[in-house]
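Taken in order, these protein sequences are the chains called A and B.
Residue 130 is where the first sequence starts when you use this note's numbering, and the numbers rise one by one after that.
Residue 11 is where the second sequence starts when you use this note's numbering, and the numbers rise one by one after that.
Hints listed in this document are in silico derivations from the structure and should not be mistaken for laboratory results.
Just so you know, even glycine gets a beta-carbon here, dropped at the ideal spot from N, CA and C.
Hints may contain errors.
[As the list claims (entries may be wrong)] One-sided excerpt, in silico: chain A residues whose CB lies under 7 Å from chain B:
| id | residue |
| --- | --- |
| 1 | 171 |
| 2 | 228 |
| 3 | 232 |
[To be verified] Simulated crosslink set (SDA-like; lysine to any residue; CA at most 20 Å straight-line):
| id | chain 1 | residue 1 | chain 2 | residue 2 |
| --- | --- | --- | --- | --- |
| 4 | B | 62 | B | 79 |
| 5 | A | 227 | B | 90 |
| 6 | B | 46 | A | 217 |
| 7 | B | 46 | B | 22 |
| 8 | A | 227 | B | 56 |
| 9 | B | 50 | A | 170 |
| 10 | B | 51 | B | 70 |
| 11 | B | 46 | B | 18 |
| 12 | A | 178 | A | 204 |
| 13 | B | 50 | A | 132 |
| 14 | A | 227 | A | 175 |
| 15 | A | 178 | B | 107 |
| 16 | B | 51 | A | 174 |
| 17 | A | 227 | B | 60 |
| 18 | A | 227 | B | 70 |
| 19 | A | 178 | B | 111 |
| 20 | B | 32 | B | 120 |
| 21 | B | 32 | A | 178 |
| 22 | A | 198 | A | 161 |
| 23 | B | 51 | A | 138 |
| 24 | A | 227 | B | 46 |
| 25 | A | 227 | B | 64 |
| 26 | B | 62 | B | 120 |
| 27 | B | 46 | B | 30 |
| 28 | B | 51 | A | 136 |
| 29 | A | 227 | B | 66 |
| 30 | A | 227 | B | 76 |
| 31 | A | 227 | B | 55 |
| 32 | A | 187 | A | 153 |
| 33 | A | 227 | A | 138 |
| 34 | B | 46 | A | 235 |
| 35 | B | 50 | A | 154 |
| 36 | B | 51 | A | 130 |
| 37 | B | 50 | B | 97 |
| 38 | A | 227 | B | 110 |
| 39 | B | 51 | A | 232 |
| 40 | A | 187 | B | 112 |
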Amino acid sequence: AQSVTQLDSQVPVFEEAPVELRCNYSSSVSVYLFWYVQYPNQGLQLLLKYLSGSTLVKGINGFEAEFNKSQTSFHLRKPSVHISDTAEYFCAVKNDYKLSFGAGTTVTVRA
Amino acid sequence: ETGVTQTPRHLVMGMTNKKSLKCEQHLGHNAMYWYKQSAKKPLELMFVYNFKEQTENNSVPSRFSPECPNSSHLFLHLHTLQPEDSALYLCASSPRTGFGETQYFGPGTRLLVL
Numbered sequence: 130a131q132s133v134t135q136l137d138s139q140v141p142v143f144e145e146a147p148v149e150l151r152c153n154y155s156s157s158v159s160v161y162l163f164w165y166v167q168y169p170n171q172g173l174q175l176l177l178k179y180l181s182g183s184t185l186v187k188g189i190n191g192f193e194a195e196f197n198k199s200q201t202s203f204h205l206r207k208p209s210v211h212i213s214d215t216a217e218y219f220c221a222v223k224n225d226y227k228l229s230f231g232a233g234t235t236v237t238v239r240a
Numbered sequence: 011e012t013g014v015t016q017t018p019r020h021l022v023m024g025m026t027n028k029k030s031l032k033c034e035q036h037l038g039h040n041a042m043y044w045y046k047q048s049a050k051k052p053l054e055l056m057f058v059y060n061f062k063e064q065t066e067n068n069s070v071p072s073r074f075s076p077e078c079p080n081s082s083h084l085f086l087h088l089h090t091l092q093p094e095d096s097a098l099y100l101c102a103s104s105p106r107t108g109f110g111e112t113q114y115f116g117p118g119t120r121l122l123v124l
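Isolated chain A (complex conformation):
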């Protein structure tokens, strides 16, 4: 069995400030890791994914995430956010075909 915990349900942040969204997972086997973003009234869009190789993964819109196997974490970061980054962010873990999601982190960017 696998599970995902997103440690912050809401993250308010000012425009041009950095943001970090925390994600921890548990799994008895190797997994693949994903971050998705959901803008208001839209479906989920893939931000980035970790399959293997370098533990620092770069995604779209200036986001990056670091896989830490010893801490079973996959935190998402952006050095400078924009108003348009206001959205809900989901961390997900994949083993075989089953994608398990965290509960989501709502990021609200203020001017």
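Position chain B against the provided structure of chain A, taking the given hints into account.
Relative to chain A, chain B alone:
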């Protein structure tokens, strides 16, 4: 993003109605999925189809009935739903159901059951 489309985008139905949700993917994928997204809860996987065959039913009540006539289309037939079934229903597709395959999501159908 028009790779996965869903219709209708919004649906209001009574508990005795029958309705269907439609999903279509234009990505040439062979696997399709239905998810339920309720407020403040993680996305719940409902059904998985791989090459038109159902490979996963995640203990979904029988009032939800999926149908996959071909690899490009997926339906979710709804019958005698309950108010707690109100949610956003998301469809996704991937090339296959394998380990590293990325799932691509549609915009969802927001369902309200009265």
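Below or equal to 20 Å on CA atoms is what counts here, so check residue 46 (chain B) against residue 235 (chain A). Holds, at about 18 Å.
Given the proposed pairing of residue 227 (chain A) with residue 76 (chain B), does the C-alpha separation stay at or below 20 Å? Holds: residue 227 (chain A) and residue 76 (chain B) sit about 18 Å apart, inside 20 Å.
Chain B contact restraint for residue 228 (chain A) - C-beta distance below 7 Å: holds (6 Å)
Could you grab the alpha-carbon distance between residue 227 (chain A) and residue 66 (chain B) and see if it respects the 20 Å cut-off? holds (9 Å)
Do the alpha carbons of residue 62 (chain B) and residue 79 (chain B) lie within 20 Å of each other, as the hint requires? With Cα atoms ~7 Å apart, residue 62 (chain B) and residue 79 (chain B) stay inside 20 Å; holds.
Please work out if residue 46 (chain B) and residue 18 (chain B) have their alpha carbons no farther apart than 20 Å. With a Cα-Cα distance of about 15 Å, the restraint between residue 46 (chain B) and residue 18 (chain B) holds, given a limit of 20 Å.
For a C-alpha distance cap of 20 Å, please report whether residue 51 (chain B) and residue 130 (chain A) respect it. holds (18 Å)
For the pair we were handed, residue 178 (chain A) and residue 111 (chain B), check the Cα-Cα distance against 20 Å. Judged against 20 Å, a Cα distance of about 10 Å means the pair holds.
Is residue 178 (chain A) within 20 Å of residue 204 (chain A), Cα to Cα? holds (12 Å)
Does residue 227 (chain A) pair with residue 175 (chain A) here, judged by a C-alpha cut-off of 20 Å? holds (16 Å)
Does the structure keep residue 51 (chain B) and residue 136 (chain A) at a Cα separation of 20 Å or less? Judged against 20 Å, a Cα distance of about 14 Å means the pair holds.
Would you mind confirming whether the straight-line C-alpha gap from residue 198 (chain A) to residue 161 (chain A) stays at or under 20 Å? holds (11 Å)
When each numbered hint is compared with the structure, violations occur for hints 5, 21, 26 and 33.
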